[in-house]
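Chains as they are written, first to last, in our numbering: chain A, 1 to 176; chain B, 1 to 195.
Keep in mind that a hint or two might mislead.
Result set (SDA-like, lysine to any residue): computed pairs, CA atoms no more than 25 Å apart in a straight line [said to hold, decoys possible]:
no.	chain 1	residue 1	chain 2	residue 2
1	B	Lys66	A	Met12
2	B	Lys72	A	Asn73
3	A	Lys148	B	Leu71
4	A	Lys25	B	Asp65
5	B	Lys124	A	Ala11
6	A	Lys39	B	Lys72
7	A	Lys147	B	Ala37
8	B	Lys66	A	Lys145
9	B	Lys25	A	Asn73
10	A	Lys29	A	Ser14
11	B	Lys116	A	Asn47
12	A	Lys29	B	Leu50
13	A	Lys145	B	Asp65
14	B	Lys72	A	Tyr22
15	B	Lys66	B	Pro80
16	A	Lys28	B	Asn68
17	B	Lys25	A	Lys145
18	B	Lys116	A	Gly151
19	A	Lys145	B	Leu71
20	A	Lys25	B	Lys120
21	B	Lys120	B	Phe77
Source of the hints: derived by calculation from the structure; they are not laboratory data.
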Amino acid sequence: MNVLNYISNLAMPSIILLIVIYALKERKKAFDIFLDGAKEGIQIVFNIFPTLIGLFLAVGALRSSGILDMIINVVEPFLNIVHFPSEIMPLAMLRPISGSSSIAIATDIMKNFGVDSNIGLIAATIMGSTETTLYTIAVYSSSVKIKKTRGVLGAALIADIVGIITSVVIWTTFLN
Amino acid sequence: MLNIVWPIFIIISFIYAIFSGNLEKLNFSIFESTETAINLSLTMLGTMCLWNGIIEIAMNTALIDKLNKILKPIINFLFPEVKDNREITSEISMNMIANILGLGNAATPLGLKAMKSMQKCNTKKDTLSNSMLMLIVINTASIQLIPTTVIAIRTSLGSENPTAIVLPVWIATILAAIAGITATKFLIKMNGRNK
Chain A
1 MNVLNYISNL AMPSIILLIV IYALKERKKA FDIFLDGAKE GIQIVFNIFP TLIGLFLAVG
61 ALRSSGILDM IINVVEPFLN IVHFPSEIMP LAMLRPISGS SSIAIATDIM KNFGVDSNIG
121 LIAATIMGST ETTLYTIAVY SSSVKIKKTR GVLGAALIAD IVGIITSVVI WTTFLN
Chain B
1 MLNIVWPIFI IISFIYAIFS GNLEKLNFSI FESTETAINL SLTMLGTMCL WNGIIEIAMN
61 TALIDKLNKI LKPIINFLFP EVKDNREITS EISMNMIANI LGLGNAATPL GLKAMKSMQK
121 CNTKKDTLSN SMLMLIVINT ASIQLIPTTV IAIRTSLGSE NPTAIVLPVW IATILAAIAG
181 ITATKFLIKM NGRNK
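Just chain A, same shape as in the assembly (with noise of 0.2 Å):
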């Protein structure tokens, strides 16, 4: 664990540390081209701001409507058919959609099922393995505004489930 941490910690700085060594060795003006792609960022994250808006605006309104929960509830007999632990469900559903409530509830499900429980550890792995899909693709599409995404969720929601079932038949059948 601490031999791990330390690796974890190791890695920005040393990205860095690296980065500015080369251009100090092959005598670039560091910092002026530093200022330069600085002046950038501020660029990309003007063009960002409205979608982020947008999107919490709809995905706090699902979240907070009680919708999610229903939907939830009417899955719920399928899933156990297919021997889907209904506990992962919240998490599974919320994932792809927004990254602070994932996180929250995945917390929520490891404090209540035990961080060791195979269920905590089935929340653990889907957290580590996927990504806000939604909030990924619409902040690289507006990033340069574009507006026809040519069916991309329906690709990276097919990385997410199976990255989903994965989790679940890892610790379900494999490590049992």
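Starting from the known structure of chain A, fit chain B onto it as the hints suggest.
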């Protein structure tokens, strides 16, 4: 996509809130959404500028050529349209490295930089190009070596072995990425547009 998904999300949740008596919660969440967006954007503004700056330096050194050489075969396979564009492949390489190292904060600015460069040679400016599709799907699959956030949560909850999930995460994320890449390749073939 969002032109359809977004109104649907809003309409069904607003109607459901009225019938389920959750109007108060809905009101709260409407105001909360602007706050969340502001907070995230401010955080993002910082990391975005920082990493764009750092990467700009890297792009001006020989370091990026070495990195490109290592990732070349993978990038050629995933991004055949842009494989000869040094600027774009460099940005994709950096984005991949940041993802693999679990530096989500760094990966997004790098990915968006690559999107910007790809847009320059995109023939239809309002539609995602093939390379953009692939870049987005790879970023949603989040291939990472060390899932730092989850390990941190597990540690804080007093797990006996917080890193026990690392190997399962690798397996799940690799399978997810393969599925995503296959689906994207299929998608590109199906609606066979040029770039």
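| said: B/Lys116 and A/Gly151 were given as a pair; does the straight-line alpha-carbon distance stay at or below 25 Å? | reply: Between B/Lys116 and A/Gly151 the Cα gap is close to 20 Å, so the pair holds against 25 Å.
| field | Holds or violated: B/Lys66 to A/Lys145, with C-alpha atoms at most 25 Å apart | value | With a Cα-Cα distance of about 32 Å, the restraint between B/Lys66 and A/Lys145 is violated, given a limit of 25 Å.
| message | Hinted pair, alpha-carbon criterion (25 Å max): A/Lys147, B/Ala37. Please report holds or violated. | response | Distance of about 20 Å is within 25 Å: holds.
| query | Holds or violated: are the alpha carbons of B/Lys72 and A/Tyr22 at most 25 Å from each other? | reply | Holds, at about 21 Å.
| If you draw a straight line from the CA of A/Lys28 to the CA of B/Asn68, is it 25 Å or shorter? | Holds, at roughly 20 Å.
| message | Can you confirm whether the C-alpha distance between A/Lys145 and B/Asp65 stays at or below 25 Å? | response | violated (30 Å)
| query | Straight-line Cα separation of A/Lys25 and B/Asp65 no greater than 25 Å? | reply | Answer holds: A/Lys25 to B/Asp65 is near 15 Å, not above 25 Å.
| said: Would the hint linking A/Lys25 and B/Lys120 be met if the CA-CA limit is 25 Å? | reply: violated (32 Å)
| If you draw a straight line from the CA of A/Lys29 to the CA of A/Ser14, is it 25 Å or shorter? | Given that 25 Å is the threshold and the Cα spacing comes to 20 Å, the pair holds.
| Taken at face value, is the distance from the CA of A/Asn73 to the CA of B/Lys72 at most 25 Å? | Distance of about 47 Å is beyond 25 Å: violated.
| request: Assess, step by step, whether the Cα of B/Lys66 is no farther than 25 Å from the Cα of A/Met12, and give holds or violated. | output: Satisfied, since the Cα-Cα distance of roughly 19 Å is no more than 25 Å.
| field | Given pair status - B/Lys72, A/Lys39, alpha carbons within 25 Å | value | violated (29 Å)
The structure does not agree with the numbered hints 2, 3, 5, 6, 8, 13, 17, 19 and 20 stated previously, though it agrees with the rest.
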